[in-house]
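Can you make the complete structure from the sequences, with help from the hints?
Residue 11 is where the sequence shown starts when you use my numbering, and the numbers rise one by one after that.
There could be a bad hint or two in this list.
When the alpha-carbon atoms are kept at most 27 angstroms apart in a straight line, the in silico DSSO-like pairs for lysine-lysine are as follows [to be verified]:
(1) 86 x 105
(2) 215 x 201
(3) 143 x 105
(4) 124 x 86
(5) 124 x 105
(6) 105 x 146
(7) 215 x 86
In short, the hints are calculated from the structure, not lab data. All values reported here derive from a predicted model rather than from experimental measurement.
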Amino acid sequence: MEKWKEEFQHLASKIENAFDKKSLALKQKLHLLDDITIQPYIGYGNRDYIHINGRVLEHEGLRLPEADDTLLDNIKTLYYRYESDEIPDAPLAYKLGSVQGNLTSDDEGYFSAKLDNPDRLEGWQEVEYTMLKQYKETQPPVRVKGEVLLQSSNSTLGLISDLDDTVIVSKATDFFEKSRIMLLNSERTRKPFEGVATFYRALQKGAAGHNSNPVFYVSSSSWNLYDMFKNFCEINQLPKGVFLLRDVGLDRKKLYRTGHSIHKQQKIAQVLETFRELSFLLIGDSGQHDPEIYLEIVKQYPGRIMGIYIRDVHPQENKPRDLEVKAITEQVARLGVPMLLVKNSAQAAQHAAEQGWIAEGALSEIIAEASEEEQSKHDVRHMLGLHKLFGQ
11 MEKWKEEFQH LASKIENAFD KKSLALKQKL HLLDDITIQP YIGYGNRDYI HINGRVLEHE
71 GLRLPEADDT LLDNIKTLYY RYESDEIPDA PLAYKLGSVQ GNLTSDDEGY FSAKLDNPDR
131 LEGWQEVEYT MLKQYKETQP PVRVKGEVLL QSSNSTLGLI SDLDDTVIVS KATDFFEKSR
191 IMLLNSERTR KPFEGVATFY RALQKGAAGH NSNPVFYVSS SSWNLYDMFK NFCEINQLPK
251 GVFLLRDVGL DRKKLYRTGH SIHKQQKIAQ VLETFRELSF LLIGDSGQHD PEIYLEIVKQ
311 YPGRIMGIYI RDVHPQENKP RDLEVKAITE QVARLGVPML LVKNSAQAAQ HAAEQGWIAE
371 GALSEIIAEA SEEEQSKHDV RHMLGLHKLF GQ
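Listed below in C-alpha cells is the structure:
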C-alpha cells in the first residue's frame, strides 16, 4: 500500500512539475510573468561548514500587514502565501566570505547547499545571491542578501524552540480553531505567550548577559509561512534566529511523507550535529508530540541536552495528556535531564535562573511581564462575565 502511495505521489509530482514549467514558459511568452524574487532563508553552520537555503518565486506583492487589516486582507495574504508560483531550475550564484559558487533550484523552486568555511567565520554573516538568468526583460538583475548564523566562541548554550502553541498561540490540535486564528489575524495582531520574548532574549544573552547564544525555531509548518514567522518574531522582539520549517510537496524527496514528529526530530538532530560543542535547551508544548520527540533526542544525544521546558496547553484543566507527559518527564529524568511541565514562561525562567542559564536581573522582568499579561486576561474575563461560566 505504501509503495502504491509513493508511486502515485511521484507520478503526480512529475505531472505537476511539467505543468509548472509549461505555465512558466507561457507566462513569459504572453508577458504575464511577475517579477522574480530570491527568498533567502536564514542559514547556519560551524567553523567547518555552512548550510544555506532559500527559494526562487514570482513576487506575489506580499506586504507587512497593518494592525487595522480587514478579514479580506488577511485572507488575501494567506492565499498569496500558499499559492506561491515557484521558479524551477533557476540558476543562482552565491558568495559568502571568500566562498562563491553556483547552484540551481529544484522543481519546487527550493535551493540548498552545504558550503565549506575556510575563513573560519563565526557569528552572524552575510551571504549574497544573484540570479544568473533573466526571466523578464523589464526586470533589473536580481540580487539579494541573506544571513547565516555560525557557531560563536561567545556562546554558552543553544536554544531550540517549537513555535506553534509554544511561542505563538495557534491551537494547533484543533483544526477549526487554528483556521479561525489564521484567518482573523496576521503576524501584526497575533501575540506571543506572556513573558516568552523576554525569556528567550535572556537565554540568548546567557548568564553573563552579553553572550551570543544561537536560537532555532522549529515547526512542521511549511516554508510558505516563513515570512509570517520572521515578521512575527521581529514585531514582538523575539531574538533573531534560524527557522527550520518543512518542504511540502509531492516530490518523493520532500519531507511531506515523514510527518510532524520525524521532521522535527531530523531538524533538531541536524542542529546538534552542526553545533557539536554546545549543549542545548529544548522548549515545546504538551499539545502535540514535543515531549516524545525530545525524549528521543535525549536518548540519541546523551549529554547534549541541558534541560527541557514543556508549556502546558491546558494549565487550568486536568487532561489525560498530562499523565502521558508526566510519564515522559520521569523517563527523561532517569536519563539525567530535567524536564518541566510549566504553566508559563515565568516558571521556566525561575528554573533557568536557578541553573545559572540566564542572568539574575532578567528574572524579575520576565515575572513582571508574565504577571501583567495574566492580570490583563483576568480583567477581561471578569469584564465579559466569563469567570461565571468557566471559573476564575
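Structure-based check of all given hints:
Between the alpha carbons of residue 86 and residue 105 the distance comes to roughly 35 angstroms, so the proposed pair goes past 27 angstroms and is violated. Distance check on the hinted pair: residue 215 and residue 201 sit about 22 angstroms apart at the alpha-carbon level, within 27 angstroms; holds. Our distance criterion of 27 angstroms between C-alpha atoms is met by residue 143 and residue 105, whose separation comes to about 17 angstroms. Between residue 124 and residue 86 the CA atoms are separated by roughly 35 angstroms; this puts the pair beyond 27 angstroms, and the hint is violated.
For a cut-off of 27 angstroms, the pair hint linking residue 124 to residue 105 stands: about 13 angstroms separates their Cα positions. Only pairs whose Cα atoms come within 27 angstroms are accepted, and residue 105 paired with residue 146 is accepted, the gap being roughly 24 angstroms. Taking the CA atoms of residue 215 and residue 86, the gap is about 38 angstroms. The hint is violated against a cut of 27 angstroms.
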